[in-house]
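There are 2 protein chains.
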Amino acid sequence: MKRIALALVGVGALAGAIATIAPVFGQSDGEAAPIYGIKLPQGYRDWHLISVKQLTGAGGLKQLRAELGNEIAVAAYREGKLPFPDGAIIAALHWNEVSADADNKVLAGGFPGAGLESSFAGSAVNVQFMVKDSKKYAASGGWGYADFANGKPGGEALHEKCFPCHQPAKDRDYVFTHYAPTPGLKNTER
Amino acid sequence: MKRIALALVGVGALAGAIATIAPVFGQSDGEAAPIYGIKLPQGYRDWHLISVKQLTGAGGLKQLRAELGNEIAVAAYREGKLPFPDGAIIAALHWNEVSADADNKVLAGGFPGAGLESSFAGSAVNVQFMVKDSKKYAASGGWGYADFANGKPGGEALHEKCFPCHQPAKDRDYVFTHYAPTPGLKNTER
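The listed protein sequences derive, respectively, from chains A and U.
Using our numbering, you'd call the opening residue of the first sequence number 2 and step up by one each time.
Using our numbering, you'd call the opening residue of the second sequence number 2 and step up by one each time.
The hints are simulated quantities; they were obtained by calculation from the structure and are not laboratory data.
Some hints could be false.
Chain copies aren't distinguished; within one or between two, either way the pair holds.
Under the rule of at most 25 Å between Cα atoms (straight-line distance), these lysine to aspartate or glutamate pairs were calculated in the DMTMM-like manner [unchecked claim]:
#1 K153 <-> D47
#2 K162 <-> D134
#3 K40 <-> D102
#4 K63 <-> E32
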């Protein structure tokens, strides 16, 4: 499914003209995360959805999470290509989960089912990135890691834990998250 | 944050040539949903993330959900523009929530916190769309509604319930979901 159509309406001579669409994978101007030297990638909020997750823990911790990928990462997911090619970036966006009061008032009316409750992504917690560069990050499975919250990268101690934590997913190129199926399509399609 | 750069490298005469990038908001070839006549929009799996939700209910119902928007919808969200302009489409993707066993083995190791458990988007349930066309859908607040599962639209009885169910969100142009903040950015930014 192609998202962007390039329509070249030639009223005059187009001979020799070359048109290309190039995705922008730049980094922002902010501070780089330690160890891997990664800055906040540009445009990650608009990347493509890989999957959705929930994390719960002691003390009432409850997060909703979205995994987004740039064009290279999502193309690799769809083709089942492992290892991910250089240039692939996966972003994990984490929010505090809060009750959706407005939704729940409607749901309390009994439609579309009894006893339903809804929650949604509240305040931002942090975002984590995996950046594939098989040469630059050869010592950590070809991936560089970065964690940012409130405009700033996390500390060195935090970033030291990224790669060991991803080791159990070594046979999936250190990536835990699977590409979610596409609701609405036939169940045999992606 | 601009996602697509258009590079026009003119080697010859470009006089009179007009280049435009037009997003594709076409519909697929499949069956149209009843009442509003909406077919499955092309490319919705790659639209931009609005927010993430969870729905729980009686009998163990547990869903993870992602709300995605096309360019027009997401631009309106960011600008706080209400009502949404014609052409805006919002997609709600629903999955059965399943335990993330591989993640949980790692989390059981105690990092990054004690007692953590993870779940993720499992099998697809359905997808729902809100399509803004203030003239065509004037009788339903300017929105057309559509629900698809496994490649087919839902029935008429289901689609009759869409608009009444969205009435309580009338002051937000019938849209319940808020645009989630962007983790990683300063908390004052979107």
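To see whether the hints hold, each was checked on the structure:
For a Cα distance limit of 25 Å, the shortest separation of K153 from D47 inside one copy, 20 Å, qualifies, whereas the shortest one across copies, 28 Å, does not. When the C-alpha separation of K162 and D134 is checked against a cutoff of 25 Å, the pair qualifies only within one copy, where the shortest distance is 19 Å, while the shortest distance between copies is 50 Å. Neither within a single protomer nor between protomers do K40 and D102 lie at most 25 Å apart by alpha-carbon distance, with minima of 36 Å and 31 Å respectively. With identical chains, the CA atoms of K63 and E32 are never at most 25 Å apart, being 28 Å at best within one copy and 39 Å at best between copies.
Checked against the numbered hints given earlier, the structure breaks hints 3, 4 and satisfies all the rest.
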